[in-house]
Amino acid sequence: MSEKATATMRFLRGGDINDNVSNEVAGSEERGFKFLDNSRKLKQWLRASLRLKDDPYKVIQVLYNTRIDLDEQTLLHWFGYVLKYREKMGDTFFGSDAYVVYILSQFVPERQFPVLLKAMMKKKKLRSFAEELQKMV
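FYI, the numbering for the sequence shown is 1 to 137, going by my numbering.
One should not assume that every hint holds.
Unchecked claim - Restraint ranges, calculated between C-beta atoms of paired labels, are given here:
{"id": "1", "residue 1": "K125", "residue 2": "E3", "range": "50 to 58 Å"}
{"id": "2", "residue 1": "N38", "residue 2": "M136", "range": "28 to 36 Å"}
{"id": "3", "residue 1": "K41", "residue 2": "E110", "range": "24 to 32 Å"}
{"id": "4", "residue 1": "D91", "residue 2": "Y64", "range": "47 to 55 Å"}
{"id": "5", "residue 1": "L52", "residue 2": "T6", "range": "53 to 61 Å"}
{"id": "6", "residue 1": "K58", "residue 2": "M136", "range": "16 to 24 Å"}
{"id": "7", "residue 1": "Q73", "residue 2": "K4", "range": "19 to 27 Å"}
{"id": "8", "residue 1": "D69", "residue 2": "Y99", "range": "52 to 60 Å"}
{"id": "9", "residue 1": "Q106", "residue 2": "T6", "range": "22 to 30 Å"}
The set of hints was computed from the structure by calculation and includes no laboratory data.
Given the structure is predicted, the values throughout are model-derived calculations rather than measurements.
All residues carry an ideal CB built from backbone N, CA and C; glycine is no exception.
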């Protein structure tokens with residue numbers, strides 16, 4: 001009963017024995033709250049942009065210019081924004097699917113397109129949009 005618990009360092013990624021962790025591992029740890037916070041801020045900003053009627057080209061340009069990583073998650077949010085923008089403004093207001101592919105090709109390497117389309121297929125709301133874009137790619 002008089003035994004005390006010893007404090008140990010815990011890392012998200014494994015180190016070697018005796019809790020020794022190299023600087024590369026410790027410095028590159030990903031914390032969950034930071035990601036959630038960034039995702040939440042991105043969604044709020046996209047909602048505000050939709051209220052301001054910013055077209056999707058302007059939105060992706062701002063994302064690119066502010067050096068936000070245009071990774072799979074960010075671009076999935078952007079595709080959702082494109083659909084919501086079209087729904088709000090009308091399909092003809094923002095051009096065709098070919099125009100979406102053209103805009104995307106200005107900011108994202110084409111080798112990333114198949115990965116994006118595969119990720120879009122997993123989302124119910126983006127599945128039909130992904131099928132249409134796949135015809136253009």
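Against the structure, the hints come out as follows:
1. K125 / E3: 50 to 58 Å: holds (54 Å)
2. N38 / M136: 28 to 36 Å: holds (30 Å)
3. K41 / E110: 24 to 32 Å: holds (29 Å)
4. D91 / Y64: 47 to 55 Å: violated (25 Å)
5. L52 / T6: 53 to 61 Å: holds (55 Å)
6. K58 / M136: 16 to 24 Å: holds (21 Å)
7. Q73 / K4: 19 to 27 Å: violated (43 Å)
8. D69 / Y99: 52 to 60 Å: Given about 24 Å between the Cβ atoms, the range is violated.
9. Q106 / T6: 22 to 30 Å: violated (55 Å)
Hint violations for this structure: numbers 4, 7, 8 and 9, all remaining hints satisfied.
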